[in-house]
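Colleague: If you want the building blocks of each chain, they are given just below.
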Amino acid sequence: MQSCIRHVCCGNTLSMPYKMKEDDKIKYVYFDYGGSHSSVLASFIHIGRLGGRSPSKQELMQLPYFDKTTPDDFAKMHPAGNDDKGNEVFFLGTKSSNFEPTINNLAELMGVAGEFCFVSTMNYVNPILRLGGWMSRGLSQPWLGRWLVIRGAKSAYPSLVKLVEKTKVKSIQGGT
Amino acid sequence: MNYLFVGRNGMFETLIAAWHYLYKSCDIEGAGELWGNLNEEKKKTAVWVDKDKKGNNIYVLGVTNYVLVPGICREIEKVARAGRSQLEIVPVQVKGENVTALLVLLSRIPIIGIIFNNWAKQWTFLRRQTIIASTKEMLDRLEYSHQKQPVPKPWH
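Same order as they appear, the protein sequences are chains V and R.
First residue of the first sequence? That's 660 in my numbering, and the numbers climb one at a time after it.
First residue of the second sequence? That's 45 in my numbering, and the numbers climb one at a time after it.
Source of the hints: derived by calculation from the structure; they are not laboratory data.
A couple of the hints might just be wrong.
Selected chain V positions facing chain R (in silico; Cβ < 10 Å) [said to hold, decoys possible]:
1. M720
2. D743
3. E767
4. M769
5. F775
Computed Cβ-Cβ distance ranges for the label pairs, DEER-style [as the list claims (entries may be wrong)]:
6. V:E718 - R:I159: 49 to 57 Å
7. V:P786 - R:I156: 28 to 36 Å
8. V:K727 - R:D71: 32 to 40 Å
9. V:W802 - R:V111: 44 to 52 Å
10. V:P786 - R:Q173: 31 to 39 Å
11. V:K716 - R:P154: 28 to 36 Å
12. V:S756 - R:V123: 18 to 26 Å
13. R:G76 - V:K716: 39 to 47 Å
No more than 27 Å apart at the CA atoms, straight line, and that leaves these computed lysine-lysine pairs for DSS-like [stated by the list, open to error]:
14. V:K716 - V:K727
15. R:K122 - V:K735
16. R:K180 - V:K686
17. R:K122 - V:K744
18. V:K821 - V:K686
19. R:K180 - V:K829
20. V:K813 - V:K827
21. V:K754 - V:K821
22. R:K122 - V:K684
23. R:K88 - V:K754
24. R:K88 - V:K735
25. R:K98 - V:K829
26. R:K180 - R:K68
27. V:K825 - V:K754
28. R:K88 - V:K825
29. R:K165 - R:K122
30. V:K813 - V:K825
31. V:K735 - V:K825
32. V:K686 - R:K98
33. R:K86 - V:K735
34. R:K68 - R:K122
35. R:K122 - V:K754
36. V:K813 - V:K684
37. V:K829 - R:K87
38. V:K735 - R:K98
39. V:K829 - V:K727
40. V:K825 - R:K87
Heads up, the beta-carbon is just placed ideally off N, CA and C, and yes, glycines get one too.
Let's have the full structure, built from the sequences with the hints guiding it.
Modeller: Right, here's the structure in full:
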């Protein structure tokens with residue numbers, strides 16, 4: 660069995676050398692503040708359930724957990740599925756807007772950093788999505804916030820597609 | 045085994061808890077540059093403090109969502125192939141931590157920030173007994189929940 664050393668990308672900031680076999684799978688974890696919008700979108704884009712074009716309202720609302728999470732879902736890693744290479748993809752709500760250095764560091768301390776690729780989607784949350792998400796999830800008023808969430812999600816969609824593409828390429832080639 | 049003391053402010057309440065766990069002493073000035081260090085606080089990564097008598101590494105970390113950190117680590121552990129990790133999380137939750145966080149925030153103001161930094165240190169140090177008591181309680185609870193792998197108990 661051929662083995663290689665490749666750099667596993669962990670979000671945008673940290674990369675670390677990890678000796679892994681060709682058939683080793685990476686666990687991709689997309690995370691944001693609530694684990695309800697941008698991270699859900701990114702993980703379903705990653706597994707190929709959403710295509711390159713901007714999804715309709717119905718398509719968005721059919722996604723599990725999209726604008727449907729409760730405070731109990733914070734810190735829970737929800738599986739989205741497997742990508743075309745068999746890597747598992749998860750999404751997570753961390754209740755923090757700057758958790759990327761911390762989660763990578765925690766994985767390092769736990770000795771599992773090489774298995775995971777943590778990707779923060781917080782940079783792709785635009786003000787409309789943020790406001791809609793806060794109204795819908797934070798204030799529990801989805802009738803008020805959902806239309807903003809849909810608009811914000813559609814507007815953030817192209818950048819999330821790019822983020823997923825970048826993540827996939829980096830994790831294969833060894834990104835920094 | 046690594047021990048990670050995690051709280052709202054890594055270089056204040058959390059450091060006092062870790063320091064007392066290590067040395068059974070409240071002489072936090074011995075922590076030198078770590079005590080009230082804003083640069084370390086800003087990094088949002090675990091800071092190594094020392095090794096305990098059994099050779100376990102002791103780290104401190106300050107994050108706003110520290111209450112969720114044990115849960116996030118459990119989730120990572122559950123999904124990882126490696127199984128149970130060698131990291132024990134000790135949450136340090138004490139009253140008045142938000143006041144410290146505000147003072148820490150104000151410490152970033154140029155020139156006068158040092159006043160707030162000293163105030164934050166003083167405010168934390170005055171509450172040392174409460175911090176130690178709540179951490180002891182948390183460690184006892186951890187020991188109870190991990191009876192197969194008990195947490196070393198340096199408390200007297």
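Colleague: Could you run down the list of hints and mark each one as holding or not?
Modeller: Now the hints, each set against the structure:
1. Residue-level restraint check for M720 of chain V is violated (minimum Cβ-Cβ distance to chain R is 26 Å; threshold 10 Å).
2. Among the interface hints, the one on D743 of chain V is violated; its C-beta lies about 20 Å from the nearest C-beta in chain R, farther than the 10 Å criterion.
3. At its closest, the beta carbon of E767 of chain V sits 9 Å from a beta carbon of chain R; the interface hint therefore holds under the 10 Å criterion.
4. Using the Cβ-Cβ criterion of 10 Å, the hint placing M769 of chain V at the interface with chain R is satisfied: the shortest such distance is roughly 4 Å.
5. Here the hint on F775 of chain V is kept, as its CB sits about 7 Å from the closest CB of chain R, short of 10 Å.
6. Checking the proposed 49 to 57 Å range against E718 of chain V and I159 of chain R shows it holds: the Cβ atoms sit about 55 Å from each other.
7. Distance hint check: the CB atoms of P786 of chain V and I156 of chain R are about 32 Å apart, consistent with the given range 28 to 36 Å.
8. Checked against the hint of 32 to 40 Å, the pair K727 of chain V and D71 of chain R fails, with Cβ atoms roughly 51 Å apart.
9. Taking 44 to 52 Å as the suggested C-beta distance range, the pair W802 of chain V and V111 of chain R does not conform, at roughly 30 Å.
10. The hinted range of 31 to 39 Å is not satisfied by P786 of chain V and Q173 of chain R, whose Cβ atoms lie roughly 45 Å apart.
11. For K716 of chain V paired with P154 of chain R, a C-beta distance near 48 Å fails the hint of 28 to 36 Å.
12. Range check, S756 of chain V to V123 of chain R: about 23 Å between beta-carbon atoms, so the 18 to 26 Å window is met.
13. Hint check: G76 of chain R to K716 of chain V, Cβ distance near 57 Å, so the stated range 39 to 47 Å is violated.
14. Of the supplied pair hints, the one linking K716 of chain V and K727 of chain V holds, its CA atoms being roughly 14 Å apart against a limit of 27 Å.
15. With a C-alpha separation of about 11 Å, the suggested pairing of K122 of chain R with K735 of chain V holds against the 27 Å cut-off.
16. Restraint check for K180 of chain R and K686 of chain V: not satisfied, since their Cα atoms lie roughly 36 Å apart, outside the 27 Å limit.
17. Proposed proximity of K122 of chain R and K744 of chain V is supported: the alpha carbons are some 22 Å apart, at most 27 Å.
18. Between the alpha carbons of K821 of chain V and K686 of chain V the distance comes to roughly 19 Å, so the proposed pair stays at or under 27 Å and holds.
19. Taking the CA atoms of K180 of chain R and K829 of chain V, the gap is near 44 Å; set against the 27 Å cutoff, the hint is violated.
20. Taking the CA atoms of K813 of chain V and K827 of chain V, the gap is about 22 Å. The hint holds against a cut of 27 Å.
21. For the proposed pair K754 of chain V and K821 of chain V, the alpha carbon gap of about 24 Å is at most 27 Å, so the pair holds.
22. For the proposed pair K122 of chain R and K684 of chain V, the alpha carbon gap of about 16 Å is at most 27 Å, so the pair holds.
23. Simply put, K88 of chain R and K754 of chain V have alpha-carbon atoms about 14 Å apart, close enough for the 27 Å limit, and the pair holds.
24. Distance restraint check for K88 of chain R and K735 of chain V: the Cα-Cα separation of roughly 21 Å lies within the 27 Å cut-off, and the hinted pair is therefore satisfied.
25. For the proposed pair K98 of chain R and K829 of chain V, the alpha carbon gap of about 40 Å is over 27 Å, so the pair is violated.
26. Restraint check: the Cα-Cα separation between K180 of chain R and K68 of chain R comes to about 11 Å, which is no more than 27 Å; the hinted pair holds.
27. For the proposed pair K825 of chain V and K754 of chain V, the alpha carbon gap of about 25 Å is at most 27 Å, so the pair holds.
28. At roughly 25 Å between alpha-carbon atoms, K88 of chain R and K825 of chain V fall within 27 Å of each other, so this suggested pair holds.
29. Only pairs whose Cα atoms come within 27 Å are accepted, and K165 of chain R paired with K122 of chain R is rejected, the gap being roughly 38 Å.
30. As the CA atoms of K813 of chain V and K825 of chain V are separated by approximately 19 Å, the hinted pair is consistent with the 27 Å bound.
31. The straight-line distance between the Cα atoms of K735 of chain V and K825 of chain V is roughly 25 Å, inside the 27 Å bound, and the hint therefore holds.
32. Pair hint K686 of chain V plus K98 of chain R does not hold up; C-alpha atoms about 33 Å apart against a cutoff of 27 Å.
33. For the suggested pair K86 of chain R and K735 of chain V, the alpha carbons sit about 25 Å apart, so the restraint of at most 27 Å is met.
34. As the CA atoms of K68 of chain R and K122 of chain R are separated by approximately 34 Å, the hinted pair breaks the 27 Å bound.
35. Our distance criterion of 27 Å between C-alpha atoms is met by K122 of chain R and K754 of chain V, whose separation comes to about 20 Å.
36. With a C-alpha separation of about 30 Å, the suggested pair K813 of chain V and K684 of chain V falls outside the 27 Å cut-off, and the hint is violated.
37. Under the criterion of a C-alpha separation no larger than 27 Å, the hint pairing K829 of chain V with K87 of chain R is consistent with the structure, at around 24 Å.
38. Only pairs whose Cα atoms come within 27 Å are accepted, and K735 of chain V paired with K98 of chain R is rejected, the gap being roughly 33 Å.
39. A C-alpha spacing of about 31 Å is found between K829 of chain V and K727 of chain V, which places the hinted pair above 27 Å, so the restraint is violated.
40. For the suggested pair K825 of chain V and K87 of chain R, the alpha carbons sit about 25 Å apart, so the restraint of at most 27 Å is met.
Violation of the numbered hints given earlier is confined to hints 1, 2, 8, 9, 10, 11, 13, 16, 19, 25, 29, 32, 34, 36, 38 and 39; the remaining hints are satisfied by the structure.
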